[in-house]
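Undergrad: Can you build the whole structure from these sequences, using the hints too?
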Amino acid sequence: MVWIFAIAAIAILYLAIRFRRFQSWVEPVLTIVFAFGLGSAILIWLSDSRPPVPSSSGTSENSATIAPDEIELGNLQYVQGKPSTSYKVTGTVTNRSRVTIQSFRLTVRLADCPDGACHAIGEDTALIIVRVLPGATHDFTTYAVFTGSDLTPVGTPKWEWEIRDIRPYRP
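Using the numbering used here, read the sequence shown as starting at 1 and increasing by one per residue.
Each hint should be verified, as a subset may be incorrect.
Listed next, with one range per pair, are the computed distances between beta-carbon atoms [unchecked claim]:
1. LYS158 - THR90: 17 to 25 Å
2. LEU43 - LEU13: 26 to 34 Å
3. GLY122 - PRO171: 17 to 25 Å
4. ASP165 - ALA8: 45 to 53 Å
Calculated directly from the structure, the hints in this document are not laboratory data.
Cβ atoms here follow ideal geometry from the backbone N, Cα and C, with glycine treated the same way.
TA: Below, the structure written as structure tokens:
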């Protein structure tokens, strides 16, 4: 399909160079066509970037929310990667609610606590997309990158995490 536009562009360019009378009317026409195409592209982009409108036919499961205390994280492991400011975070998520989980955000905070005196290294938030049925457990893996830290190794790491923005599954 693009080759059709390329052939038309080459033909218009040739005619505009060869004949001065053709050049005098093709420039305004091409300017109008270009403006129309640009306006159409902007309208399409704006209509695609609007958030979806929720459906009004919601059942009790579709309108249900999941509280953070209804999700249980277990077997959390933090493995330092390359560079030393990144960590692979693995674990399991257990759904204690009555609604299927589609995704949630996991905020991980790292502090270095040598001799009991802690100083914050940083925090990172990851979107965990994992569908977990009510009462089920599922493994997950994500990565946390602490860009504010230097490359010195953490001696005594202290990890904290928080779950938020839990989204129920909507078929």
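Undergrad: Within 17 to 25 Å or not, the Cβ separation of GLY122 and PRO171?
TA: For PRO171 against GLY122, whose Cβ atoms are near 38 Å apart, the range 17 to 25 Å is violated.
Undergrad: Please test the hint of 17 to 25 Å on the beta carbon pair from LYS158 and THR90.
TA: 18 Å, holds
Undergrad: Using the C-beta atoms of ASP165 and ALA8, is the stated range 45 to 53 Å upheld?
TA: The hint (45 to 53 Å, Cβ to Cβ) holds, given that ASP165 and ALA8 are roughly 49 Å apart.
Undergrad: Has the hinted range 26 to 34 Å been met by the Cβ atoms of LEU43 and LEU13?
TA: Holds, since LEU43 and LEU13 (Cβ atoms, about 28 Å apart) stay within the stated range.
The structure fails hint 3 only (numbered hints given earlier).
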